[in-house]
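Novice: The residues making up each chain are set out below.
Number of protein chains: 2
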Amino acid sequence: MNTPHDFTRVRHWLTDLQDRICTAIAAADGQARFHEDAWQRAPDDPSPLRGGGRTRILRDGAVFEQAGIGFSDVSGEQLPPSATANRPELAGAAWRAIGVSLVFHPRNPYVPTTHANVRHLQAEKDGETVAWWFGGGFDLTPFYPFDDDVHHWHRVARDLCEPYGGQARYDAHKRWCDEYFYLKHRAETRGVGGLFFDDLHTQFEDDFGYLRAVGDGFLDAYLPIVERRRDTPFGEREREFQLYRRGRYVEFNLVYDRGTHFGLQSGGRAESILMSMPPRVRWEYGYTPEAGSDEARLIDYLTPRDWL
Amino acid sequence: MNTPHDFTRVRHWLTDLQDRICTAIAAADGQARFHEDAWQRAPDDPSPLRGGGRTRILRDGAVFEQAGIGFSDVSGEQLPPSATANRPELAGAAWRAIGVSLVFHPRNPYVPTTHANVRHLQAEKDGETVAWWFGGGFDLTPFYPFDDDVHHWHRVARDLCEPYGGQARYDAHKRWCDEYFYLKHRAETRGVGGLFFDDLHTQFEDDFGYLRAVGDGFLDAYLPIVERRRDTPFGEREREFQLYRRGRYVEFNLVYDRGTHFGLQSGGRAESILMSMPPRVRWEYGYTPEAGSDEARLIDYLTPRDWL
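Top to bottom, those sequences are chains W and R. Here the first sequence is numbered in my numbering, starting from 39 and rising by one per residue. Here the second sequence is numbered in my numbering, starting from 39 and rising by one per residue.
Please keep in mind that the hints were generated in silico from the structure rather than gathered at the bench. Since the model is a prediction, treat every value here as computed from it, not as a measurement. It cannot be assumed that every hint is accurate.
Here are the in silico distance ranges between beta carbons for each label pair [unchecked claim]:
hint, chain 1, residue 1, chain 2, residue 2, range
1, W, G130, R, R335, 53 to 59 Å
2, R, T341, W, Q78, 50 to 56 Å
3, W, N124, R, Q69, 53 to 59 Å
4, R, D82, W, G324, 41 to 47 Å
5, R, T341, W, G130, 20 to 26 Å
6, W, G130, R, P118, 25 to 31 Å
7, W, R266, R, R335, 43 to 49 Å
8, R, P118, W, V168, 33 to 39 Å
9, W, Q78, R, P81, 33 to 39 Å
Selected chain W positions facing chain R (Cβ under 8 Å, derived; list incomplete) [to be verified]:
hint, residue
10, I95
11, L128
12, L261
13, E265
14, R286
15, V288
16, V293
17, A308
18, P316
19, G324
20, A334
21, L336
22, I337
Glycine included, every Cβ here is placed at the ideal spot set by N, Cα and C.
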């Protein structure tokens, strides 16, 4: 079982992670800076949620059209049914969740969109911690994919799993990612995947170590791709394709994403949850890329594949 | 109970309604025309849905940035649990649904977005019709609202209810509309409402008469507003506000709309269902209109109100 001290350690690591990612992303951007909204639920807020967070957004940068990264520490009086379906003994327990979540929307269509999340949850009954678990992962959504980038992304994911079960861990969480980020109505994955896990509770130090490896590994996975593609020339055509594909991102997040649904339905802070929405998007009825075009290549990357 | 002949009459009225609305909207636009995709499920399609439809889209018009109107006639082997929660006797019944659904996204931000739908459903067991019902309505989503427009809209709604229960019918279906088109996470209605109803099955001729009144009334309600506002001058500021507010439309349709969810989850034709998506949209973290501005006026219209 974990202790209040453990929870504080995770919280400290999360806020520090948010700081480090902001510093690195602002440096990579070179033009815009993050602005922070620190928020806190009022004690008389009608929502049953308590807690607060710090939402940070960088906008209109040289590299990032929008980069949002939020830390939150919220608690509720009762775990929702979706969270206790597999663990009936937790029904009715109070909960506390801390996490960092980010979505970056680059300007250049050759730079992929990305998402990462690391979170820690605790369930409490009568003031005692009765369960804890970790969840998280990171995934990549290119518009014009390059095999080198996808290989690099999955190589970092595979390597960080090494001390935590190695290939078997990577295989399991890579598959989970492919399954989770799937748009059934389009018969497409959201992107080329990465890692996804939930409900991880084997041994606290091991699991927290893996969470740190995922959180710390994110920049190693993403920044080299940004550096490689940020100056690729593009025009109206590539921009329009990017806006169109961002529509799929919206469809996934609003139709399927359990975190988004849980957040919105439980009275979470809508602006913080929906900072994942792209700044500009378009839909076009019946669009299909011309056969053989650069845009037509993408669809081949939206079926799960072994990348290593 | 209705008969196969009744079903055919409704179907005929629906396809004719689609034709008439297309003619009127193309005439109002004056520049662009509707293009039709007639589609039909192949007998070996892996989805359990059968049937087809005709999806019509007008794009890049003088008045309408996009106007989509679809007729569909689809059937399935089993009513979904959501459709039989209140009627356990229908569990497991086969079903057939015919309907017309439209969403128009005007170019000028002073012209409201609108949605209308009229539908007829039948449940069958052992080849016998065991239940039928009607559903539908229309609702208006202004960006820069005018009281005159909203009064006119609701006046048409009220008047068409006259032979079908009068004020009581209008009150009930107006309230249903306000409740249905509600974004809980924003604490806003989608727009200024109109009429919404489902599961209507009192007496077939009466109910079909009301459905016709709603479908035929739509153009009477909408076109005068289009004519009044189509030439209002606007600039970048109004356009940006329109794109921003379209984000709310996307949020409603993808997070809450039962028709959209049912369609996507049951293997419906994604392009036809998602023709409701605006052609261009934007999100902006933390945006609130300046106090006293024209944009700040809108929020007062997004709480249910008696308009007549």
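Novice: Please check whether Q78(W) and P81(R) have a Cβ separation lying inside 33 to 39 Å.
Specialist: Check failed, 59 Å falls outside 33 to 39 Å.
Novice: Would you settle whether the hint for V293(W) is holds or violated, based on the nearest Cβ-Cβ distance to chain R being less than 8 Å?
Specialist: At about 5 Å, which falls below the 8 Å cut-off, the nearest Cβ of chain R leaves the hint on V293(W) intact, so it holds.
Novice: Given the hint of 20 to 26 Å, is the C-beta distance from T341(R) to G130(W) inside that range or not?
Specialist: violated, 34 Å
Novice: With 8 Å as the cut and Cβ atoms as the points, is I337(W) at the interface with chain R?
Specialist: violated, 14 Å
Novice: Given the range 50 to 56 Å, decide if the beta-carbon distance of T341(R) to Q78(W) lies inside it.
Specialist: For Q78(W) against T341(R), whose Cβ atoms are near 26 Å apart, the range 50 to 56 Å is violated.
Novice: Holds or violated: is there a CB of chain R closer than 8 Å to the CB of L261(W)?
Specialist: violated, 23 Å
Novice: Min Cβ distance, E265(W) to chain R: is it shorter than 8 Å?
Specialist: violated, 26 Å
Novice: Do R266(W) and R335(R) keep their Cβ atoms within the hinted range of 43 to 49 Å?
Specialist: holds, 48 Å
Novice: Taking the least C-beta to C-beta distance, is L128(W) closer than 8 Å to chain R?
Specialist: With Cβ-Cβ at 25 Å, over 8 Å, it is violated.
Novice: Falls inside 33 to 39 Å, the C-beta gap from P118(R) to V168(W)?
Specialist: holds, 36 Å
Novice: Any CB of chain R closer than 8 Å to the CB of V288(W)?
Specialist: Since chain R brings a Cβ to about 6 Å from V288(W), closer than 8 Å, the hint holds.
Novice: With 53 to 59 Å as the target window, see if G130(W) and R335(R) comply at their CB atoms.
Specialist: violated, 45 Å
The structure shown violates the earlier hints numbered 1, 2, 4, 5, 9, 11, 12, 13, 14, 20, 21, 22.
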